[in-house]
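> Protein chains in written order, with the working numbering: chain F, 1 to 166; chain S, 167 to 332; chain D, 333 to 498; chain P, 499 to 664; chain B, 665 to 830; chain C, 831 to 996.
Derived from the structure by calculation, the hints contain no laboratory data.
Any given hint could turn out to be false.
[As the list claims (entries may be wrong)] Mimicking EDC-like on lysine to aspartate or glutamate, the simulated pairs with C-alpha atoms at most 20 Å apart in a straight line are:
no., chain 1, residue 1, chain 2, residue 2
1, B, K821, B, E673
2, B, K713, C, E839
3, D, K381, P, E507
4, D, K381, D, E425
5, D, K359, D, D346
6, B, K713, B, D761
7, B, K713, B, E757
8, C, K879, B, E673
9, S, K193, S, E217
10, D, K489, P, D638
11, F, K157, F, E9
12, B, K713, B, E808
13, C, K879, B, D678
14, S, K215, F, D14
15, S, K193, B, E693
16, C, K857, C, D844
17, B, K821, C, D970
18, S, K215, F, E95
19, P, K655, P, E527
20, B, K691, S, D263
21, P, K525, F, E29
22, S, K215, S, D263
23, C, K857, P, E527
24, P, K547, D, E425
25, C, K987, C, E881
26, F, K27, C, E859
27, F, K49, F, E95
28, C, K987, B, D811
29, S, K323, F, D14
30, F, K27, P, E527
31, S, K215, S, D180
32, C, K857, F, E29
Protein chains: 6
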Amino acid sequence: MADDASPGELTHFDGAGAAHMVDVAAKPETPRMARARARVRMAPATLTKIEAGALGKGDVLGVARLGGISGAKQTATQIPLCHPVRITAVTIEFEIDAELPGVVVEATVEAVDRTGPEMEAMIAASTAALTIYDMCKAIDRGIEVVDLHLVEKRGGKSGHWLRDSK
Amino acid sequence: MADDASPGELTHFDGAGAAHMVDVAAKPETPRMARARARVRMAPATLTKIEAGALGKGDVLGVARLGGISGAKQTATQIPLCHPVRITAVTIEFEIDAELPGVVVEATVEAVDRTGPEMEAMIAASTAALTIYDMCKAIDRGIEVVDLHLVEKRGGKSGHWLRDSK
Amino acid sequence: MADDASPGELTHFDGAGAAHMVDVAAKPETPRMARARARVRMAPATLTKIEAGALGKGDVLGVARLGGISGAKQTATQIPLCHPVRITAVTIEFEIDAELPGVVVEATVEAVDRTGPEMEAMIAASTAALTIYDMCKAIDRGIEVVDLHLVEKRGGKSGHWLRDSK
Amino acid sequence: MADDASPGELTHFDGAGAAHMVDVAAKPETPRMARARARVRMAPATLTKIEAGALGKGDVLGVARLGGISGAKQTATQIPLCHPVRITAVTIEFEIDAELPGVVVEATVEAVDRTGPEMEAMIAASTAALTIYDMCKAIDRGIEVVDLHLVEKRGGKSGHWLRDSK
Amino acid sequence: MADDASPGELTHFDGAGAAHMVDVAAKPETPRMARARARVRMAPATLTKIEAGALGKGDVLGVARLGGISGAKQTATQIPLCHPVRITAVTIEFEIDAELPGVVVEATVEAVDRTGPEMEAMIAASTAALTIYDMCKAIDRGIEVVDLHLVEKRGGKSGHWLRDSK
Amino acid sequence: MADDASPGELTHFDGAGAAHMVDVAAKPETPRMARARARVRMAPATLTKIEAGALGKGDVLGVARLGGISGAKQTATQIPLCHPVRITAVTIEFEIDAELPGVVVEATVEAVDRTGPEMEAMIAASTAALTIYDMCKAIDRGIEVVDLHLVEKRGGKSGHWLRDSK
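Starting from the given sequences, assemble the full structure and let the hints guide the process.
Shown next as structure tokens:
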């Protein structure tokens, strides 16, 4: 995943422009972390149903949380040039956003490896968001992910990175 | 995936609120289609590199296209309550959007089954978008998916559905 | 999965004793069902914690249910000679058994195919049971599955089969 | 897999009761081992056929052994909150038990990681047992797993654990 | 897999040269078969060990047979643009060829679908061959697959095809 | 994968002839490399089409390259007794061989682990070769892999190994 690359080059291609899996063998194995966020907009009535389920019956967010964790573990078979990364922790958090209206998903993945879990965090957030879509699409097919991005990363040569809030 | 459900209920839960995989055995096996779209915003310099690659060296979109197609085939192991669906075709199209600036991904999945490939199309679009992120994040970690939604579906009891354009 | 085999022969081997995947092409594609049960015995204090979680915090059975459903979808890659089967529904039910003490898991899988979902039901029940083990083993490593068996099957040439209750 | 957790808490849930993959980054990477056992009861005639096959034609136990080893490698995609574990060895042993009557499966998994391979051993034993079921169900649908439990574990902060024999 | 394509065009690309999964929805679902062969050359001493194992201890070919069958079931996740195909039977046969010297692998896959199992047969044969390599490479690293090709296919619009023997 | 085994024994079997996954826990984790080659023979007209595609439309080799990289990551679920290996780099190179006529595939896999990536390199080369077959079989069903072998390995107790060129 080449999170330590010098800026300016697309590291997934060699000099001839051929795609490859970037060599990370020389990097030290260190603790790394990445955090991604997805915002899911829906009809107010759909959000009301999700909030009701959180009380114990029809727990959409409980299913989506497990979807996100399973998704993180499948990242290397999902993203063509991504390295397998040794995940040490995955956390998925949800926040109800009445103004959106919808749900904000935040996925945090930790790893001890030679490259960081940015893609694992992005896949975890998107899979949790799409699991919400799957469970609610029968009543609200127009649900949309209105934002999906990396929020923060730690570890590796490039160190700490925090997205500018807007 | 219960695309024929009557509106108003969350079909992935039974009367007691327990999650299950919805019974689709009684539905007829028919041709179905779903189309999803993701818009990926990035720095102008990143988009310029992607456009250059399309000319033959460092083909980011060629890799992302295959990421999307592979993603579609892994949908049932990615989304917890999703049925395995018999995919008959997958197409991923890209459009350069200089104003975004970025890339618009459109994924079309066709299937012959008792439920439709909406989730396959959504996963295909999001995996293609995240593959673009993976390949460009070394030069532009702030790339974001600014929209991911279903555009159209055909087939099944609920018939044709087309997203309102805004 | 050869559920229609004539009794007396191990159908997964040819005349020379070599393992193969049994030919089912000539069988009609019909609705089929299988139901399996696992009983999980644990310390009374562990069962008390599981029952408390069912009320909304620390929902062990909610996670185990999704483990069982995902397990059913992975059966063909788990059991060497098993056919891929077109699953149309999966349900996992739990019953608290204070006398065991423990949890009774019942997994029902439906399919429309040329062979039945017996193995899918068995894997669903065992995966749900082992997910309970995974979540509780930090407090009760001695938890055991004291029984795992097929309860019922319907469909196919051999028709309805119901386990003798004892 | 949190094999070093202090007893009394369900470590797979956070303070709010939400499921997560437990953080193991701070644990040392050490050699660990786990051993699990499954007992499979069957009709005497079925056991006779299995014993005959061991002599070279229709080797049910040879297939079941490979089912168990493959199963161990798929544990992290099977059990929702389980960490991927670096397996260094898998052994599956069978013993014919004429009194059961049936087969006793013993699976030993070794790993070098921050958490132990208990779930890998449990999945290996259950998959081997269910592979026996798959191969013999055409002649004996009533075969049952009458016991599945952890026998022993070594390594990690909680050290050596041996099941009380009864 | 487009086995019915008119000759002369690379059907996995659209008019603009973009890769896609070919649309097979309009084709009838019919029984189809494909047979592939791999020849594995090795040192005479290695072949002697394999032949000895076939008698019951260290059964290399028994393991390779299961590798081939599992490989067939994983074809759609292995080959980027390949459709998932409904496999109804898989058979792997081995022949000792003292003159090669080595083992000839023949994999036959049957399916009922809109496209044929050619790739499944090719993957089954190559995986069985590479499993032989895996098991014997510690004593004979120079083992090579000297030929891997399709032998025969049946079904679909293009009908029966038999390789010219040379 | 036992690349350090003493010659003369089939290390994937124990003393009784039962298959197992070899214990590698005592080996040091070191950088290792393996390189494999596949030669794919085809009709001259097919090779011409592939060469044309390399110029930007219908890029068969670009798709095959990604097939090979994905294949490398799936090795442990493909080869029954193979250890999961921590891959740090994968490169797939193609050379047009007008005399063959056809394409020479060379796959190089690097890893930091207790055993080497020989099987990963062999699977990467064969999957890339079979992806070429998949994409061209509609116009040339007789394409064959005329050679697939290990070329070189480095690392581990057995050190450097280079195939004799002939």
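> If a hint holds in the structure, say so; if it doesn't, say that too.
Cross-check of the supplied hints:
1. B:K821 <-> B:E673: holds, 16 Å
2. B:K713 <-> C:E839: holds, 9 Å
3. D:K381 <-> P:E507: holds, 9 Å
4. D:K381 <-> D:E425: Judged against 20 Å, a Cα distance of about 18 Å means the pair holds.
5. D:K359 <-> D:D346: holds, 19 Å
6. B:K713 <-> B:D761: holds, 14 Å
7. B:K713 <-> B:E757: Roughly 18 Å separates the two Cα atoms, so the pair holds.
8. C:K879 <-> B:E673: Since the Cα atoms of C:K879 and B:E673 sit roughly 9 Å apart, the hinted pair holds (cutoff 20 Å).
9. S:K193 <-> S:E217: violated, 45 Å
10. D:K489 <-> P:D638: holds, 16 Å
11. F:K157 <-> F:E9: holds, 16 Å
12. B:K713 <-> B:E808: holds, 17 Å
13. C:K879 <-> B:D678: Given pair C:K879, B:D678 holds - Cα atoms ~14 Å apart, limit 20 Å.
14. S:K215 <-> F:D14: holds, 14 Å
15. S:K193 <-> B:E693: holds, 18 Å
16. C:K857 <-> C:D844: holds, 19 Å
17. B:K821 <-> C:D970: holds, 16 Å
18. S:K215 <-> F:E95: Between S:K215 and F:E95 the Cα gap is close to 36 Å, so the pair fails against 20 Å, i.e. violated.
19. P:K655 <-> P:E527: This hinted pair holds, its Cα atoms lying about 11 Å apart.
20. B:K691 <-> S:D263: violated, 37 Å
21. P:K525 <-> F:E29: holds, 14 Å
22. S:K215 <-> S:D263: Roughly 14 Å between the alpha carbons, so the hint for S:K215 and S:D263 holds.
23. C:K857 <-> P:E527: holds, 14 Å
24. P:K547 <-> D:E425: Violated. P:K547 to D:E425 sits at ~35 Å, over the 20 Å cutoff.
25. C:K987 <-> C:E881: Violated - the C-alpha atoms of C:E881 and C:K987 are around 42 Å apart, more than 20 Å.
26. F:K27 <-> C:E859: holds, 14 Å
27. F:K49 <-> F:E95: holds, 15 Å
28. C:K987 <-> B:D811: Violated, at about 31 Å.
29. S:K323 <-> F:D14: Measuring from Cα to Cα gives roughly 50 Å; hence the hint is violated.
30. F:K27 <-> P:E527: holds, 18 Å
31. S:K215 <-> S:D180: violated, 50 Å
32. C:K857 <-> F:E29: holds, 18 Å
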